[in-house]
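Engineer: Residue-level listing of the chains:
2 protein chains.
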Amino acid sequence: MTDFDATRARFSLPDGVIYLDGNSLGPLPVGAAERVARMMTDEWGALLIRGWNDAGWMQAPARIGDRIARLIGAAPGTVTVGDTLSIRVWQALASALDLMPERRVILSDSGNFPSDLYMADGLAQLKSLGHELRVVAPEDVADAIDDTVAAVMLTEVDYRTGRIHDMAGLTARAHAVGALTVWDLAHSAGAIAVDLAGAGADFAVGCTYKYLNGGPGSPAFIYVAPHMAARARNPLQGWLGHASPFEFARDYTPAPGVAGMRIGTPPVIALAALDAALDAWEGVEMANLRARSIALSEAFIAGIEALGAGLILASPRDPLARGSQVSFRHEHSYAICRALIARGVIGDFRAPDVIRFGFAPLYVSPGDVAHAVDILGDIMATRAWDRPEFHARTAVT
Amino acid sequence: MTDFDATRARFSLPDGVIYLDGNSLGPLPVGAAERVARMMTDEWGALLIRGWNDAGWMQAPARIGDRIARLIGAAPGTVTVGDTLSIRVWQALASALDLMPERRVILSDSGNFPSDLYMADGLAQLKSLGHELRVVAPEDVADAIDDTVAAVMLTEVDYRTGRIHDMAGLTARAHAVGALTVWDLAHSAGAIAVDLAGAGADFAVGCTYKYLNGGPGSPAFIYVAPHMAARARNPLQGWLGHASPFEFARDYTPAPGVAGMRIGTPPVIALAALDAALDAWEGVEMANLRARSIALSEAFIAGIEALGAGLILASPRDPLARGSQVSFRHEHSYAICRALIARGVIGDFRAPDVIRFGFAPLYVSPGDVAHAVDILGDIMATRAWDRPEFHARTAVT
Numbered sequence: 009m010t011d012f013d014a015t016r017a018r019f020s021l022p023d024g025v026i027y028l029d030g031n032s033l034g035p036l037p038v039g040a041a042e043r044v045a046r047m048m049t050d051e052w053g054a055l056l057i058r059g060w061n062d063a064g065w066m067q068a069p070a071r072i073g074d075r076i077a078r079l080i081g082a083a084p085g086t087v088t089v090g091d092t093l094s095i096r097v098w099q100a101l102a103s104a105l106d107l108m109p110e111r112r113v114i115l116s117d118s119g120n121f122p123s124d125l126y127m128a129d130g131l132a133q134l135k136s137l138g139h140e141l142r143v144v145a146p147e148d149v150a151d152a153i154d155d156t157v158a159a160v161m162l163t164e165v166d167y168r169t170g171r172i173h174d175m176a177g178l179t180a181r182a183h184a185v186g187a188l189t190v191w192d193l194a195h196s197a198g199a200i201a202v203d204l205a206g207a208g209a210d211f212a213v214g215c216t217y218k219y220l221n222g223g224p225g226s227p228a229f230i231y232v233a234p235h236m237a238a239r240a241r242n243p244l245q246g247w248l249g250h251a252s253p254f255e256f257a258r259d260y261t262p263a264p265g266v267a268g269m270r271i272g273t274p275p276v277i278a279l280a281a282l283d284a285a286l287d288a289w290e291g292v293e294m295a296n297l298r299a300r301s302i303a304l305s306e307a308f309i310a311g312i313e314a315l316g317a318g319l320i321l322a323s324p325r326d327p328l329a330r331g332s333q334v335s336f337r338h339e340h341s342y343a344i345c346r347a348l349i350a351r352g353v354i355g356d357f358r359a360p361d362v363i364r365f366g367f368a369p370l371y372v373s374p375g376d377v378a379h380a381v382d383i384l385g386d387i388m389a390t391r392a393w394d395r396p397e398f399h400a401r402t403a404v405t
Numbered sequence: 009m010t011d012f013d014a015t016r017a018r019f020s021l022p023d024g025v026i027y028l029d030g031n032s033l034g035p036l037p038v039g040a041a042e043r044v045a046r047m048m049t050d051e052w053g054a055l056l057i058r059g060w061n062d063a064g065w066m067q068a069p070a071r072i073g074d075r076i077a078r079l080i081g082a083a084p085g086t087v088t089v090g091d092t093l094s095i096r097v098w099q100a101l102a103s104a105l106d107l108m109p110e111r112r113v114i115l116s117d118s119g120n121f122p123s124d125l126y127m128a129d130g131l132a133q134l135k136s137l138g139h140e141l142r143v144v145a146p147e148d149v150a151d152a153i154d155d156t157v158a159a160v161m162l163t164e165v166d167y168r169t170g171r172i173h174d175m176a177g178l179t180a181r182a183h184a185v186g187a188l189t190v191w192d193l194a195h196s197a198g199a200i201a202v203d204l205a206g207a208g209a210d211f212a213v214g215c216t217y218k219y220l221n222g223g224p225g226s227p228a229f230i231y232v233a234p235h236m237a238a239r240a241r242n243p244l245q246g247w248l249g250h251a252s253p254f255e256f257a258r259d260y261t262p263a264p265g266v267a268g269m270r271i272g273t274p275p276v277i278a279l280a281a282l283d284a285a286l287d288a289w290e291g292v293e294m295a296n297l298r299a300r301s302i303a304l305s306e307a308f309i310a311g312i313e314a315l316g317a318g319l320i321l322a323s324p325r326d327p328l329a330r331g332s333q334v335s336f337r338h339e340h341s342y343a344i345c346r347a348l349i350a351r352g353v354i355g356d357f358r359a360p361d362v363i364r365f366g367f368a369p370l371y372v373s374p375g376d377v378a379h380a381v382d383i384l385g386d387i388m389a390t391r392a393w394d395r396p397e398f399h400a401r402t403a404v405t
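The listed protein sequences correspond, in order, to chains Z and G.
Sequence positions in the first sequence follow our numbering and run 9 to 405.
Sequence positions in the second sequence follow our numbering and run 9 to 405.
Rather than coming from a laboratory, the hints here were simulated on the basis of the structure.
This structure is a prediction, so every number in the text was calculated from the model and none was measured.
Just so you know, nobody snuck in bad clues.
Just so you know, same-sequence chains aren't split out, so a pair can sit in one copy or run between any two.
Once the Cα atoms are required to be at most 20 angstroms apart in a straight line, the calculated SDA-like pairs of lysine to any residue come out as: (1) K135 <-> D259; (2) K135 <-> E110; (3) K135 <-> R241; (4) K135 <-> R112; (5) K135 <-> D106; (6) K135 <-> P109.
Next up, chain Z with everything else stripped away, as it sits in the complex:
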């Protein structure tokens, strides 16, 4: 059994804060700041350029990729780390389309991140071959997978509602018609028990600053399935995806497998922070994590609905159809969210009317859930949200 009191102690949480926004930005792991400062001083400062060899910087993306692989049901050697999630989505999708030259449809859904759709739009325009990004409702995805589809590009857990797609089922359906799959795990990795290998996924990508706690803007990851390793080719062919980058050859010879998905020089300082953050996962069993997550979110939904405060559940009621977050709708969601933050309960708002609450099991406890329900109940009962300062919009929410 995973000891969640012990994992909670691995994070530095401010006093008086109940943090239910780890689905947007995970908290600072204890010791991470010291680890990064030490890397800067002892490695960069002392070794200078020699750090690339002597401190293993060049191998960090693969080494940290393997640490993430364990959390998402992927074999060692199938994940690498670096760049942003937007770049990784684009790269995986472009690789998939390149393997399906006779098809023109990219299938996605309206539950996907707008950013993933923007990147796909841009790719389709750039290719100048008449690709179509077809966006359907989440519940219509399965029926929309036909033999015109080159790639099915989906985010497994909906960032607004927490609704989970059936990765194995949709991947099987895609494969049955000869299509490839690109899965975005931004709200899955570290939140639910992902099984990329078991689902037969072709490509997957994700960020590390949400449930993996790598810090604001920490590097993204990309997975290339073993069955794709010999075929997938990186269209963003930077020197570090080259089989022999230090030969500085004129011709590009890709490294095999996911190593070929590397692009530019790895972000060593950011990788040090992420590496430190991944220590928090030592000894954590993903099945235990999922059980804890469900217990937390079920308790929260029951508590909020018992308030009778007009907050409408926007997430699936079936916990097995839901990730590690719960969303509610309310006409005044924005102001309610601000009022909660003022009382130390940090969730977030997503336009037009959703408040999201993330339940990261590594550090959110049943006591936090009960306390958050009490505070929200008080805010709703007293209309404490109805103040001008809570209605004023800030740049980032």
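With the hints as your guide, set chain G onto chain Z.
Structural biologist: Here is chain G on its own, set in the frame of chain Z:
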């Protein structure tokens, strides 16, 4: 006048090391490790998600871009920071090609980084419109600019030899035939007095881990000229290049100018390190920097040639045609480089037979140059390089 003793004191250089590899990785600035640790603790740790607003993380790419703009002759508001140089090269080139739909030639030279050429190759293939990457010798670039050329993509300072391209002259020539320019400043920014505005450059990109000392793999920058701001469109249209990213709208509406070149979530921890590093440029006049750089490299060349040790100058002899590095060729360059490193003089090797020495004026002194010449003279006179351990190749050099 710039006080170079004062700027040298802004870096933490190990005892016994003469660091002539700042053209590959700049050294650790004093206080940078503490600044990053403090950002992680006081901002990420204490503010959590609120850091995006309250600590100005979302504006960091523009704010730091403005700090770099001053060093490269660019107006405020024309530079943003993030992603890797490979991505930025690709993005600038793709933007340029998009504006020249009737032309098919990308012109570059054999002095460019292989990585820039790989990225251009990949882009040409992806566009499926028959684009040609035409690579000529550096001295043939001017004559090769004709009205078939869509974009001239060049690295201003050659990473092997230090040879400087005439940015203003080549840009004028490109404009005369209706072509656009993409300048890679990897070995220029912080090394020479770059004048992007004066040269009329359309796009420019660069890395920050060389002469700008941002740390291993620190974020890259991109410049979009004011005269291009209304026309250039980012093909990698991630959410942060959107005019209103937090509306999460389905359609992509680009932010104007260089803000539209943002892609994914900014790398806040890495940006904190870069921001600290840029403090070292406070009060530095680029004209003074260039004069100091020339004095250092001239003294080094004179010293090495006086040794009569068979090291052949591979850089232009005219200091005005040379960046802030000097390269020599020798049959045993690799072993000589290793022997120098063993004696505390850090330069680097570039295949097949080049040793590079960088003279970053902020921290390399005339005394360092004299000392390095003495040590190299001793190594050559005693054949100290001719030991098995210096011939054995390491992964990264």
